[in-house]
Amino acid sequence: MAVKKFPVEASHIMMFARSVGDPNPIYYDEDYAKGTEPGTIIAPPTFAQASAQFDPDYFLRPKIGEPWFGSGKEPTGIKRESGGGGGGGGGGGLHAEQHFEYHRHLKPGDVLTGTTKPGKTWEKESKRAGKLVFSESVTEYRDQHGELVITARGVGVRTERPVDQK
Amino acid sequence: MALKASDLKVGDTYSECLVEDLKRTQIVQYAGASGDYNPLHTDEVFTTKVAGYPSVFAHGMLTMGMTGRMLTDYVGDGRLTKYGVRFTNQVWPGDTLHSTATVEEVADGIVKLKVETTNQDGTVVVSGYAEARVD
Numbered sequence: 052m053a054v055k056k057f058p059v060e061a062s063h064i065m066m067f068a069r070s071v072g073d074p075n076p077i078y079y080d081e082d083y084a085k086g087t088e089p090g091t092i093i094a095p096p097t098f099a100q101a102s103a104q105f106d107p108d109y110f111l112r113p114k115i116g117e118p119w120f121g122s123g124k125e126p127t128g129i130k131r132e133s134g135g136g137g138g139g140g141g142g143g144g145l146h147a148e149q150h151f152e153y154h155r156h157l158k159p160g161d162v163l164t165g166t167t168k169p170g171k172t173w174e175k176e177s178k179r180a181g182k183l184v185f186s187e188s189v190t191e192y193r194d195q196h197g198e199l200v201i202t203a204r205g206v207g208v209r210t211e212r213p214v215d216q217k
Numbered sequence: 005m006a007l008k009a010s011d012l013k014v015g016d017t018y019s020e021c022l023v024e025d026l027k028r029t030q031i032v033q034y035a036g037a038s039g040d041y042n043p044l045h046t047d048e049v050f051t052t053k054v055a056g057y058p059s060v061f062a063h064g065m066l067t068m069g070m071t072g073r074m075l076t077d078y079v080g081d082g083r084l085t086k087y088g089v090r091f092t093n094q095v096w097p098g099d100t101l102h103s104t105a106t107v108e109e110v111a112d113g114i115v116k117l118k119v120e121t122t123n124q125d126g127t128v129v130v131s132g133y134a135e136a137r138v139d
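Chains A and B, in that order, give the protein sequences.
Quick note on my numbering: the first sequence kicks off at 52 and runs consecutively.
Quick note on my numbering: the second sequence kicks off at 5 and runs consecutively.
Treat each hint with caution, since some may be false.
[What the hints assert, rightly or not] Chain A is nowhere near these chain B residues, computed Cβ spacing over 10 Å in every case: (1) 12; (2) 13; (3) 16; (4) 19; (5) 28; (6) 50; (7) 106; (8) 109; (9) 112; (10) 114; (11) 118; (12) 122.
[Unchecked claim] Pair by pair, the computed Cβ-Cβ distance ranges are: (13) 124/B to 198/A: 35 to 45 Å; (14) 118/B to 202/A: 17 to 27 Å; (15) 106/B to 124/A: 47 to 57 Å; (16) 139/B to 198/A: 16 to 26 Å; (17) 179/A to 49/B: 20 to 30 Å; (18) 109/A to 10/B: 39 to 49 Å; (19) 107/A to 12/B: 37 to 47 Å; (20) 186/A to 27/B: 29 to 39 Å; (21) 89/A to 10/B: 14 to 24 Å; (22) 55/A to 12/B: 39 to 49 Å; (23) 182/A to 12/B: 42 to 52 Å; (24) 110/A to 52/B: 13 to 23 Å.
[Unchecked claim] Far from chain A, some chain B residues (derived; all Cβ distances over 12 Å): (25) 9; (26) 11; (27) 14; (28) 35; (29) 45; (30) 87; (31) 93; (32) 104; (33) 107; (34) 108; (35) 110; (36) 111; (37) 124.
Think of the hints as simulated: they come from the structure by calculation, not from any bench.
These numbers were taken from a predicted model, which means no experiment stands behind them.
Don't be surprised by glycine CBs; every beta carbon is placed ideally from N, CA and C.
Please build the complete structure, drawing on both the sequences and the hints.
Right, dumping it as structure tokens:
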């Protein structure tokens with residue numbers, strides 16, 4: 052993921068906080084926020100993940116005029132090349148880990164850039180999902196002054212088959 | 005609002021119920037806010053017929069986000085310095101989640117917490133850690 056310009060906006064923070072079920076007024080009420088220790092609306096701890104909205108190539112967002120693998124008339128809009136398997140997938144696999152380091156907390160008006168570097172990859176055998184292939188990536192979010200604000204490390208996993216629920 | 009180091013002991017816990025009977029609509033809401041529109045989370049037809057799961061399931065990041073609410077309620081606004089998790093089991097519509105932070109260490113103005121979120125069967129769905137500045 053490379054994000055050239057991620058403007059942190061108050062209404063986006065409000066919608067994000069609602070979606071994770073967090074009623075804390077510091078995420079939407081400017082007057083309330085003034086009386087808190089940060090003194091301003093801030094973003095919830097996992098908000099940086101919403102940088103996906105500003106990644107032009109983010110593949111888990113339908114794009115105008117392009118095929119989409121979700122259902123329409125058929126269960127999927129894209130024919131899969133390999134038959135079966137690829138469980139948990141249909142694109143992207145599953146999220147295995149996520150880590151954030153906060154150098155400071157985000158606030159409306161910040162304009163971030165995110166640069167992502169691939170990290171380690173490793174494999175593991177799982178009874179519930181077959182061969183697991185893990186891959187790590189590290190994203191550094193910098194603000195409008197070039198200061199590092201959040202370091203995010205994500206680990207994705209591709210499973211050989213869907214994760215057994217038993 | 006913020007925690008005082010002198011009030012904290014190793015083994016102290018703080019818990020919250022994150023959600024009762026998780027609704028598909030909340031998962032849709034998270035998809036819209038986060039920008040992660042993976043059909044595995046919102047498209048029952050795709051998820052059951054193509055991906056082979058019994059139903060749509062929550063984004064791991066939705067559970068991490070809900071767990072983050074428990075943490076910021078505990079440590080105070082703007083106090084977290086680190087927060088990381090492993091997604092150990094999937095979260096499904098209808099799940100009820102509880103989350104607990106346990107104090108592991110208090111030193112140099114930082115509290116280190118173990119973080120665990122479990123579902124109604126006691127299965128751990130998110131396992132991780134957080135660190136926060138304390139007074």
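Hints and how they fare:
1. No Cβ of chain A approaches the Cβ of residue 12/B within 10 Å, the least distance being about 18 Å, so the stated non-interface status holds.
2. Chain A leaves residue 13/B outside its interface by the beta-carbon criterion, the shortest separation being 23 Å against a cut-off of 10 Å.
3. Under the 10 Å C-beta cut-off, the non-interface status given to residue 16/B relative to chain A holds; the minimum distance is some 20 Å.
4. With a minimum CB-CB distance of about 16 Å to chain A, residue 19/B clears the 10 Å threshold, and the non-interface call stands.
5. For residue 28/B, the requirement that its beta carbon stay farther than 10 Å from each beta carbon of chain A is met, with the minimum near 13 Å.
6. The Cβ of residue 50/B sits about 4 Å from the closest Cβ of chain A, inside the 10 Å cut-off, so the non-interface label is violated.
7. Distance to chain A confirms residue 106/B as a non-interface residue, since its nearest Cβ pair spans about 18 Å, more than 10 Å.
8. No beta-carbon of chain A is positioned within 10 Å of the beta-carbon of residue 109/B; the least distance is around 17 Å.
9. Non-interface status of residue 112/B relative to chain A is upheld: no Cβ of that chain comes within 10 Å, the nearest being about 16 Å off.
10. Every Cβ of chain A is farther than 10 Å from the Cβ of residue 114/B; the closest lies at roughly 12 Å, confirming the non-interface assignment.
11. Under the 10 Å C-beta cut-off, the non-interface status given to residue 118/B relative to chain A holds; the minimum distance is some 15 Å.
12. A cut-off of 10 Å between C-beta atoms confirms that residue 122/B is not in contact with chain A; the least separation is 17 Å.
13. Hint check: residue 124/B to residue 198/A, Cβ distance near 43 Å, so the stated range 35 to 45 Å holds.
14. Distance hint check for residue 118/B and residue 202/A: the Cβ-Cβ separation is about 21 Å, which falls inside the suggested range of 17 to 27 Å.
15. Taking the beta carbon of each, residue 106/B and residue 124/A are about 50 Å apart, inside 47 to 57 Å as hinted.
16. For the hinted restraint 16 to 26 Å between residue 139/B and residue 198/A, the CB-CB distance of approximately 25 Å keeps it satisfied.
17. For residue 179/A and residue 49/B, the hinted distance range of 20 to 30 Å is satisfied, since their beta carbons lie about 24 Å from each other.
18. Hint check: residue 109/A to residue 10/B, Cβ distance near 46 Å, so the stated range 39 to 49 Å holds.
19. Between residue 107/A and residue 12/B the Cβ separation comes to about 45 Å, which falls inside the hinted range of 37 to 47 Å.
20. A beta carbon spacing of about 32 Å between residue 186/A and residue 27/B agrees with the range 29 to 39 Å that was offered as a hint.
21. Against the hinted window of 14 to 24 Å, the Cβ-Cβ separation of residue 89/A and residue 10/B comes to about 23 Å, which satisfies the hint.
22. Against the hinted window of 39 to 49 Å, the Cβ-Cβ separation of residue 55/A and residue 12/B comes to about 42 Å, which satisfies the hint.
23. Separated by about 43 Å at the C-beta atoms, residue 182/A and residue 12/B satisfy the suggested range of 42 to 52 Å.
24. Hint check: residue 110/A to residue 52/B, Cβ distance near 22 Å, so the stated range 13 to 23 Å holds.
25. Against chain A, the non-interface label of residue 9/B holds: every CB pair exceeds 12 Å, the least being about 16 Å.
26. No beta-carbon of chain A is positioned within 12 Å of the beta-carbon of residue 11/B; the least distance is around 17 Å.
27. For residue 14/B, the shortest C-beta to C-beta distance to chain A comes to about 23 Å, beyond the 12 Å cut-off, and the non-interface label holds.
28. Listed as outside the interface, residue 35/B is inconsistent with that label: its C-beta sits roughly 8 Å from the nearest C-beta of chain A, within the 12 Å cut-off.
29. The beta carbon of residue 45/B sits about 9 Å from the closest Cβ of chain A, which is not more than 12 Å, so the claim that it is off the interface is violated.
30. Chain A draws residue 87/B into its interface by the beta-carbon criterion, the shortest separation being 5 Å against a cut-off of 12 Å.
31. For residue 93/B, the condition that its CB be more than 12 Å from all CB atoms of chain A is violated, with the nearest at approximately 9 Å.
32. The beta carbon of residue 104/B sits about 17 Å from the closest Cβ of chain A, which is more than 12 Å, so the claim that it is off the interface holds.
33. Separation of residue 107/B from chain A is adequate, the least Cβ-Cβ distance of about 18 Å exceeding the 12 Å criterion.
34. Every Cβ of chain A is farther than 12 Å from the Cβ of residue 108/B; the closest lies at roughly 17 Å, confirming the non-interface assignment.
35. Here residue 110/B stays apart from chain A, with its beta-carbon at least about 19 Å from theirs, past the 12 Å limit.
36. For residue 111/B, the condition that its CB be more than 12 Å from all CB atoms of chain A holds, with the nearest at approximately 18 Å.
37. A cut-off of 12 Å between C-beta atoms confirms that residue 124/B is not in contact with chain A; the least separation is 15 Å.
Consistency note: the structure conflicts with the earlier hints numbered 6, 28, 29, 30 and 31.
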